[in-house]
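Q: The residues making up each chain are set out below.
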Amino acid sequence: MARRLRAFDWGAHPLGDPSGWPDELKTMLVLCLQSSVPTAIYWGPELRLIYNDAWAHIPAERHPAAIGKPAAEVWSDIWDVVGPQFQSVLDTRRGFSTDDQMLRMARSGRVEETYWTYSFTPIADREMKIVGVLNQGHETTEKVLASRDQAFLLDLGDRLRALGDGEFDAPAVLSLALGALGRHLGLARVGYATVDEASDYCSVVANWREESMSDIAAGRYRLADFGEAARDEIMAGRPAASDDVAQDPAHSAEVKNNFLALGVRANLVAPVMRRGRAAALLFLNDRQPRRWTPRQTDLARDAADRIWNALERAESLAKVRASERRFAAIYDQAAVGLSEVDQDGRFIRFNESMGRIIGRSPADARRLTIADVTHPEDIAESRAHILDPVRSRQPFQIEKRYVRPDKSVVWAVTQVTQLIDEHDRPSGFFSVTTDITERKEEERIRAWLLAELNHRVKNNLSTVQALARQTRQSVDSLDEFEAAFNARLMALSRAHDLLMRETWTSAGLGELAAATLAPFKLDDDARIVIRGPEVRFSPTAAVTMTLAFHELATNSAKFGALSMPGGRVTVEWLIDTSRNGGVVDLRWREAGGPIVPPPSRRGFGLRLIERGAPRELGGDVRLDFEPDGVACAFRLPLSQKITAP
Amino acid sequence: MTEDQRSPDSLVGLKILLVEDEAMIAMLVEDMLMDSGATVVGPAGGVKAALDAISSQEIDGALLDVNLGGEQSFEVADALASRNIPFVFVTGYGGAGVRDRYPDAPTLQKPFVTSDLERALSGLAGAARDR
Numbered sequence: 001m002a003r004r005l006r007a008f009d010w011g012a013h014p015l016g017d018p019s020g021w022p023d024e025l026k027t028m029l030v031l032c033l034q035s036s037v038p039t040a041i042y043w044g045p046e047l048r049l050i051y052n053d054a055w056a057h058i059p060a061e062r063h064p065a066a067i068g069k070p071a072a073e074v075w076s077d078i079w080d081v082v083g084p085q086f087q088s089v090l091d092t093r094r095g096f097s098t099d100d101q102m103l104r105m106a107r108s109g110r111v112e113e114t115y116w117t118y119s120f121t122p123i124a125d126r127e128m129k130i131v132g133v134l135n136q137g138h139e140t141t142e143k144v145l146a147s148r149d150q151a152f153l154l155d156l157g158d159r160l161r162a163l164g165d166g167e168f169d170a171p172a173v174l175s176l177a178l179g180a181l182g183r184h185l186g187l188a189r190v191g192y193a194t195v196d197e198a199s200d201y202c203s204v205v206a207n208w209r210e211e212s213m214s215d216i217a218a219g220r221y222r223l224a225d226f227g228e229a230a231r232d233e234i235m236a237g238r239p240a241a242s243d244d245v246a247q248d249p250a251h252s253a254e255v256k257n258n259f260l261a262l263g264v265r266a267n268l269v270a271p272v273m274r275r276g277r278a279a280a281l282l283f284l285n286d287r288q289p290r291r292w293t294p295r296q297t298d299l300a301r302d303a304a305d306r307i308w309n310a311l312e313r314a315e316s317l318a319k320v321r322a323s324e325r326r327f328a329a330i331y332d333q334a335a336v337g338l339s340e341v342d343q344d345g346r347f348i349r350f351n352e353s354m355g356r357i358i359g360r361s362p363a364d365a366r367r368l369t370i371a372d373v374t375h376p377e378d379i380a381e382s383r384a385h386i387l388d389p390v391r392s393r394q395p396f397q398i399e400k401r402y403v404r405p406d407k408s409v410v411w412a413v414t415q416v417t418q419l420i421d422e423h424d425r426p427s428g429f430f431s432v433t434t435d436i437t438e439r440k441e442e443e444r445i446r447a448w449l450l451a452e453l454n455h456r457v458k459n460n461l462s463t464v465q466a467l468a469r470q471t472r473q474s475v476d477s478l479d480e481f482e483a484a485f486n487a488r489l490m491a492l493s494r495a496h497d498l499l500m501r502e503t504w505t506s507a508g509l510g511e512l513a514a515a516t517l518a519p520f521k522l523d524d525d526a527r528i529v530i531r532g533p534e535v536r537f538s539p540t541a542a543v544t545m546t547l548a549f550h551e552l553a554t555n556s557a558k559f560g561a562l563s564m565p566g567g568r569v570t571v572e573w574l575i576d577t578s579r580n581g582g583v584v585d586l587r588w589r590e591a592g593g594p595i596v597p598p599p600s601r602r603g604f605g606l607r608l609i610e611r612g613a614p615r616e617l618g619g620d621v622r623l624d625f626e627p628d629g630v631a632c633a634f635r636l637p638l639s640q641k642i643t644a645p
Numbered sequence: 001m002t003e004d005q006r007s008p009d010s011l012v013g014l015k016i017l018l019v020e021d022e023a024m025i026a027m028l029v030e031d032m033l034m035d036s037g038a039t040v041v042g043p044a045g046g047v048k049a050a051l052d053a054i055s056s057q058e059i060d061g062a063l064l065d066v067n068l069g070g071e072q073s074f075e076v077a078d079a080l081a082s083r084n085i086p087f088v089f090v091t092g093y094g095g096a097g098v099r100d101r102y103p104d105a106p107t108l109q110k111p112f113v114t115s116d117l118e119r120a121l122s123g124l125a126g127a128a129r130d131r
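Heads up: the protein sequence lines correspond to chains Y and L, in order. Be aware that the first sequence starts at 1, since it is given in UniProt numbering, and climbs by one per residue. Be aware that the second sequence starts at 1, since it is given in UniProt numbering, and climbs by one per residue.
The following block holds chain Y by itself, in its conformation from the complex (with noise of 0.2 Å):
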């Protein structure tokens, strides 16, 4: 610079040659050529550039050109800015210095945006008038912008996870990005795609756009379109920038046809390498020819990893919503009881079913612990089941009650096993709960229904047993006996289908008569009139009433009226309400039949009807050996056993 400065054409130069210059300059000239820090004199009332080499780069293209202009001459192109600083520096006397000053800056044919830390120091003369300032300083565009779009990555790093799990899905997700990334560097177009297999296409998953460009989202690109050496490198990994489309001597015509098709003069791919192979691609477009910088090339690829690995997140957190909603779902609609506990037994939740079962709300679950809804005599075996770390390692399965808020018991299986967490430690209890309720009532009445069947059979056994004594008490030969027990063994069986018909619960005496006396009618109706309202037995009553009317049969066929054609047997009932809580009143009576005599011996018939059958249903019986026929009547109260509706 010494050199130039000395070669320099000083005598038609307004400062005349350095041999007059002023002391206060000459100083300041030495200083200037001798530091490395890039410096500069502006001399004179119009402030003519002198600068050392450290300097020489500053003003671009406009060096050499620069030395000994005046400042507003060379800084036109940003003279709103550094004039004022210059004038006030002159009118202050004092010292002016800015860091990152913004100065939009004309270099390599464009205006740019430039930024600069510098100093501007008054000089002064023996009379302290301000003849000078001193300029030092350096650019500082690079880091400004570095550290803005550091900013930017961290800013959009935030308001990505500033999204809620629940909306952090792949279109929020790319929304977000591109439109932050497309606003940052002042582009028209930004989108996202990914590769296909054979590297052959792209589809475009995304883009946000200016108004003006077109939307080209799902649209399906062959990147060999765009250029063959730029698809080899994208696949090597390696972005692909293009200032000018129209201008790359890379393009073939119909490249840049296509690229202009999309309304793109500006191209910057980067690439997102996954598993050796680009798997996806970040592209920046823009209406105009664009100047990209290493440090835009090195922003895009850093945004289309992260654009990746939100989208990777996005969808893992698709699929694990998806697997909580069919959780939720099979959890919320099962039949069986479900629920969470702690490792101390309270609940961490439960669903509908379960809540039915212990009757109580899902909501109130964390209000709850086992022991709350658990029958007190049950608390202990669920206790010691969960409390012995062997068992309780196992799946494992309890029978038990529990107890609802309105005292109500239900009995329930659980199936209850372990949660163990991700250190491997036990966290607490799953348990799936059926309503056995049911199930152990059945188990009860079927024991019931055993016991009582046990009773029954008993009963008729010894019922059968008295059966065979009495009939053997009134027959003279084993021949009798088998007629007689038989028959009434078959009033006894007769008697309790009608009783199976009801369920075992009673049987209408109408049809207890006409069962008991169907054998003695011998195809004739009208030998047997049976007429009466309704009036129910107990099965133990029926059987007695039963085998009162078979004797009484019995004995007409074979002394009475139904021991000759034209006999007639009449039964009749009335219910008699005069009485306190009514009376069943019977007749059995005999017509058309030869003259009955008394039995000379008392016989089971006699016996049962006129003692047994009073006894048991209470009242009275009173039985008649009339000359016109025989005449049986019952006066049977209501009770329990008779039964009127």
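Some hints could be false.
[To be verified] Dumping the calculated DSBU-like pairs for lysine-lysine here, alpha-carbon to alpha-carbon at most 30 Å:
#1 L:K15 to L:K48
#2 Y:K458 to L:K15
#3 Y:K458 to L:K48
#4 Y:K440 to Y:K521
#5 Y:K69 to Y:K26
#6 Y:K440 to Y:K458
Because the hints were derived from the structure by calculation, they are not lab data.
Got chain Y; can you put chain L on it based on the hints?
A: Below, chain L without anything else, positioned relative to chain Y:
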């Protein structure tokens, strides 16, 4: 003869209350008791008839059917116990209710034959003679 091989007439002279609601079975047991020489009080077909008999007649022992057509005979058992009259329950089944209320009372399961009846009542007979 040992105590367990008493002769059939060991019930001779004893007044036994029979409480049984089913007429056929009442007749059967009545006959069995008479065969063994006992005098039958009743048979009573229900709780009221049984209580009437206990309060009005001299009784050495009783044979109680547990189930009297819907009502149970524990009230009768209580009345007998309060008078120190021994009794045997007759039941068609295990008689869980009986074991709860009268764990020490002898029970006789239906159906039974006369010798079963005598064996069950033999204790009563001894107690009656000792009185």
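Q: If a hint holds in the structure, say so; if it doesn't, say that too.
A: Structure-based check of each hint:
no.: 1; hint: L:K15 to L:K48; verdict: holds (19 Å)
no.: 2; hint: Y:K458 to L:K15; verdict: holds (26 Å)
no.: 3; hint: Y:K458 to L:K48; verdict: holds (25 Å)
no.: 4; hint: Y:K440 to Y:K521; verdict: violated (50 Å)
no.: 5; hint: Y:K69 to Y:K26; verdict: holds (18 Å)
no.: 6; hint: Y:K440 to Y:K458; verdict: holds (27 Å)
The structure fails to meet hint 4 from the earlier list, while all remaining hints are met.
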